[in-house]
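**Student:** When you get a sec, could you build the whole thing from the sequences and use the hints?
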Amino acid sequence: MSAISIPPAAGSPGSAPQAAAGDRAHTRRGRWYRQPTLMAGLVITGLILFAVIAAPLLTSYNPDAQNFTATLQGPSAHHLLGTDQLGRDTWSRLLYGGRTDLQIAFIAVLLPFVLGTIIGSVAGYFGGWVDIVIMRLVDIVVAFPFFVLIIALVFVLGPGERSIYIAITLVGWVSYARIIRGQILVAKRQEYVAAAQSGGLSPVRIMARHLLPNVISQAIVYALSIDIVQDILAIVTLSYLGLGVPPPAPDWGTMISDGQNFLTTHWQLTTIPGLAVVVTGLGLSLIADGLADLMRLGQS
Amino acid sequence: MTAAGPNRSVLEVIDLHVEIASRRGVVHAVDGVSLEVPAGQAVGVVGESGSGKSMTLRAVLGVLPPEAKITAGQVLLDGQDLTQLSNTQLNRVRGPKIAMIFQEPMSALNPLMRVGAQIAEGPQVHLGLNRAKAGERALELMRRVGIPDPERRYRAYPHEFSGGMRQRVMIAIALSCEPSVILCDEPTTALDVTIQDQILRLLTQLCRESGTSLVFVTHDLPVVAQVCDQLAVMYAGQIVERGPVKEVLTRPSHPYTLGLVRSAPDVDRVRSSLLAIPGSPPSLINPPAGCRFHPRCSFAEQDCHTTMPPLRSISAERATACLHYERCLEALDAQGADR
Numbered sequence: 001m002s003a004i005s006i007p008p009a010a011g012s013p014g015s016a017p018q019a020a021a022g023d024r025a026h027t028r029r030g031r032w033y034r035q036p037t038l039m040a041g042l043v044i045t046g047l048i049l050f051a052v053i054a055a056p057l058l059t060s061y062n063p064d065a066q067n068f069t070a071t072l073q074g075p076s077a078h079h080l081l082g083t084d085q086l087g088r089d090t091w092s093r094l095l096y097g098g099r100t101d102l103q104i105a106f107i108a109v110l111l112p113f114v115l116g117t118i119i120g121s122v123a124g125y126f127g128g129w130v131d132i133v134i135m136r137l138v139d140i141v142v143a144f145p146f147f148v149l150i151i152a153l154v155f156v157l158g159p160g161e162r163s164i165y166i167a168i169t170l171v172g173w174v175s176y177a178r179i180i181r182g183q184i185l186v187a188k189r190q191e192y193v194a195a196a197q198s199g200g201l202s203p204v205r206i207m208a209r210h211l212l213p214n215v216i217s218q219a220i221v222y223a224l225s226i227d228i229v230q231d232i233l234a235i236v237t238l239s240y241l242g243l244g245v246p247p248p249a250p251d252w253g254t255m256i257s258d259g260q261n262f263l264t265t266h267w268q269l270t271t272i273p274g275l276a277v278v279v280t281g282l283g284l285s286l287i288a289d290g291l292a293d294l295m296r297l298g299q300s
Numbered sequence: 001m002t003a004a005g006p007n008r009s010v011l012e013v014i015d016l017h018v019e020i021a022s023r024r025g026v027v028h029a030v031d032g033v034s035l036e037v038p039a040g041q042a043v044g045v046v047g048e049s050g051s052g053k054s055m056t057l058r059a060v061l062g063v064l065p066p067e068a069k070i071t072a073g074q075v076l077l078d079g080q081d082l083t084q085l086s087n088t089q090l091n092r093v094r095g096p097k098i099a100m101i102f103q104e105p106m107s108a109l110n111p112l113m114r115v116g117a118q119i120a121e122g123p124q125v126h127l128g129l130n131r132a133k134a135g136e137r138a139l140e141l142m143r144r145v146g147i148p149d150p151e152r153r154y155r156a157y158p159h160e161f162s163g164g165m166r167q168r169v170m171i172a173i174a175l176s177c178e179p180s181v182i183l184c185d186e187p188t189t190a191l192d193v194t195i196q197d198q199i200l201r202l203l204t205q206l207c208r209e210s211g212t213s214l215v216f217v218t219h220d221l222p223v224v225a226q227v228c229d230q231l232a233v234m235y236a237g238q239i240v241e242r243g244p245v246k247e248v249l250t251r252p253s254h255p256y257t258l259g260l261v262r263s264a265p266d267v268d269r270v271r272s273s274l275l276a277i278p279g280s281p282p283s284l285i286n287p288p289a290g291c292r293f294h295p296r297c298s299f300a301e302q303d304c305h306t307t308m309p310p311l312r313s314i315s316a317e318r319a320t321a322c323l324h325y326e327r328c329l330e331a332l333d334a335q336g337a338d339r
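Line by line, the protein sequences are chains A and B. At position 192 of the first sequence (counting the first as 1) the number is 192 in our numbering, and the numbers step up by one without a gap. At position 252 of the second sequence (counting the first as 1) the number is 252 in our numbering, and the numbers step up by one without a gap.
Because the hints were derived from the structure by calculation, they are not lab data. Glycine included, C-beta positions come from ideal geometry on N, C-alpha and C. There may be inaccurate statements among the hints.
[What the hints assert, rightly or not] If you only want the chain B side, here are some residues facing chain A, beta carbon under 10 angstroms, derived: (1) 58; (2) 63; (3) 98; (4) 100; (5) 102; (6) 106; (7) 109; (8) 111; (9) 113; (10) 170; (11) 173; (12) 177; (13) 183.
[As the list claims (entries may be wrong)] To give a feel for the contact side, a few chain B residues facing chain A, derived at Cβ under 7 angstroms: (14) 61; (15) 66; (16) 91; (17) 94; (18) 95; (19) 104; (20) 107; (21) 108; (22) 110; (23) 112; (24) 122.
**Tutor:** Next up, the structure:
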């Protein structure tokens, strides 16, 4: 009978902090909007997304329309941010350029997310030599600097959207594989996994239905904040180097690079798209920091 | 080995060895365990924490932790050796033929999956039912294990259930594909006493109805007496005594069993203190020579230090691994005379 008396004795001190954690989780859920970092990030990112999506409402100019009678103008009532060397409206190009870049970034973040999640799950769940082989592969990719490897890959594949997707996927999956593998290593020791195994469920089913829903959140936060910033920077960098979106499609990297020739006389042509990149990155990074803070609170 | 007839064994474990690789050496967690589970009967396995009870169960199902390995032995389920099966083949057996109920109903349910979906998953995979049919079956199972308002509870998550209700869900999952054996790893240890009794009654009743055999691992002797027909006592990775429950508990013929029985509180006689077994369980990396219990045994003789006693029959149904088991009976009789 001694066995019966043990669980309540061990359970009662444990139940108090559990209840406290529950309270905290409750207040936390009610107060996520009071997290200043997260809120600032959401506002900045929200404004940018709104501007980019509502571009046709915010400008009446076609971003590609050239007007040789009005080149290199300063800001005015007609052209809010002036025009470039081909007489194209900078404000319009800024909005539509953001459209291009963010759209590519959102797709480019999805592919490595899916690939890395699958590979990381397999490595973490099966372990053994599968894990060793996959993680050495990850080490090899990580050994190269992110931007250098992407630029090299796009250079080999040739400029264009498709090359950007391929390059970012080939380089970006490693982060997701690492995150998911680590989480799976911990989660697969939980009893519910042993229970699923003893119920005769296949490894694929256990990974997809039981493990991934429990471990995916960290990878999602990483994708939507840290990784997407990195991808936007990569896309802009590639366009700046002439390896990205081919002209005349509007895009921030191309705008920065085109404006460089007029830096001494028309600094706004380079500075404004540059600032757009910085502010977008800032907004997404603030979201990342805010979410990380919230998750830390939730864990402690 | 599997004799035909009403009392044939559904599950037979023969000379099972499980070793765990650890930093300090190889742990012989299960060291030559043999068990027979007759059809429709409940077999209890008792022993201290770390005596290899849970490892035995996990080895039977092939759900050992990664650092543990079966190094020898057979696990025969209806004559089929489970240790020789590939994972895919094993998955066709786990669920429809053999199932397991875990100790902690809190952690053995997936926290992010609706309870109904977790019960319906087995029938969907193993019985080929479609989603709707499997859902109906899950509802019916929830009704059978006594979950009130199953239609509403079907869509609830495990954290919305109490401990006892969660264990009912676990029982429903175990029963969902009508296995012939259910392994229970201390299924009531995490529950309070009143719930414990309900769950035990439910489990035994459902198994009796469907003719399912039970292997019941616990360190709780009253629970064993309530649930089981046969009893095996484990110590340091080995079975030291085996026999029908009533006989083993009333006439223990191994000093370790005697110690277990004496260290359990007795409601009829409120004693000032319980008789604990002196010392602590031996290291399973370097188990003591001879009988593994001899350092803690009050009856130990010279030969106990050197001879490893085999599990030998002492009557038609009983077996012990003690060289001097008569001493236990003498000690019991002496104690009985004192009273």
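**Student:** Next, verify each hint and record whether it holds.
**Tutor:** Consistency of the hints with the structure:
With a cut of 10 angstroms, the hint placing residue 58 (chain B) at the interface with chain A holds, because the nearest CB-to-CB distance is about 7 angstroms. Given hint, residue 63 (chain B) at the interface with chain A, holds; its Cβ is 5 angstroms from that chain's nearest Cβ, closer than 10 angstroms. Because the closest C-beta pair between residue 98 (chain B) and chain A is about 8 angstroms apart, less than 10 angstroms, the hint holds. Hint status for residue 100 (chain B) relative to chain A: holds, with the closest Cβ pair at about 4 angstroms, below 10 angstroms.
Interface restraint check: residue 102 (chain B) against chain A, minimum CB-CB distance 5 angstroms, threshold 10 angstroms, status holds. Taking 10 angstroms as the C-beta cut-off, the interface hint given for residue 106 (chain B) holds, the closest approach to chain A being about 9 angstroms. Given hint, residue 109 (chain B) at the interface with chain A, holds; its Cβ is 6 angstroms from that chain's nearest Cβ, closer than 10 angstroms. For the restraint placing residue 111 (chain B) at the interface with chain A, the shortest Cβ-Cβ distance is roughly 7 angstroms, inside the 10 angstroms limit, so the hint holds.
Evaluation of the residue 113 (chain B) hint against chain A yields a held restraint, the C-beta minimum of about 7 angstroms falling below 10 angstroms. Because the beta carbon of residue 170 (chain B) sits about 8 angstroms from the nearest beta carbon in chain A, less than 10 angstroms, this interface hint is met. Given the 10 angstroms rule on beta carbons, the hint for residue 173 (chain B) holds: about 7 angstroms separates it from the nearest Cβ of chain A. For residue 177 (chain B), the shortest C-beta to C-beta distance to chain A is roughly 8 angstroms, which falls under 10 angstroms, so the interface hint holds.
Checking residue 183 (chain B) against chain A: minimum C-beta separation of about 8 angstroms stays under 10 angstroms; hint holds. Contact between residue 61 (chain B) and chain A, as hinted, is supported at the beta carbon level, the nearest pair being about 5 angstroms apart and thus within 7 angstroms. Interface restraint check for residue 66 (chain B): the shortest CB-CB distance to chain A comes to about 6 angstroms, inside 7 angstroms, so the restraint holds. Annotation: interface hint on residue 91 (chain B) holds; nearest CB of chain A at approximately 4 angstroms, less than 7 angstroms.
Against a cut-off of 7 angstroms between C-beta atoms, the interface hint on residue 94 (chain B) holds, since the closest Cβ of chain A lies about 3 angstroms away. For residue 95 (chain B), the shortest C-beta to C-beta distance to chain A is roughly 3 angstroms, which falls under 7 angstroms, so the interface hint holds. This hint holds: residue 104 (chain B) has a C-beta 6 angstroms from the nearest C-beta of chain A, less than the 7 angstroms allowed. A distance limit of 7 angstroms between C-beta atoms decides the matter here; for residue 107 (chain B) the minimum to chain A is near 4 angstroms, and the interface restraint holds.
Because the closest C-beta pair between residue 108 (chain B) and chain A is about 4 angstroms apart, less than 7 angstroms, the hint holds. Using the Cβ-Cβ criterion of 7 angstroms, the hint placing residue 110 (chain B) at the interface with chain A is satisfied: the shortest such distance is roughly 5 angstroms. Taken as an interface hint, residue 112 (chain B) checks out: its beta carbon lies about 5 angstroms from the nearest beta carbon of chain A, inside 7 angstroms. At its closest, the beta carbon of residue 122 (chain B) sits 5 angstroms from a beta carbon of chain A; the interface hint therefore holds under the 7 angstroms criterion.
The structure agrees with every numbered hint stated previously.
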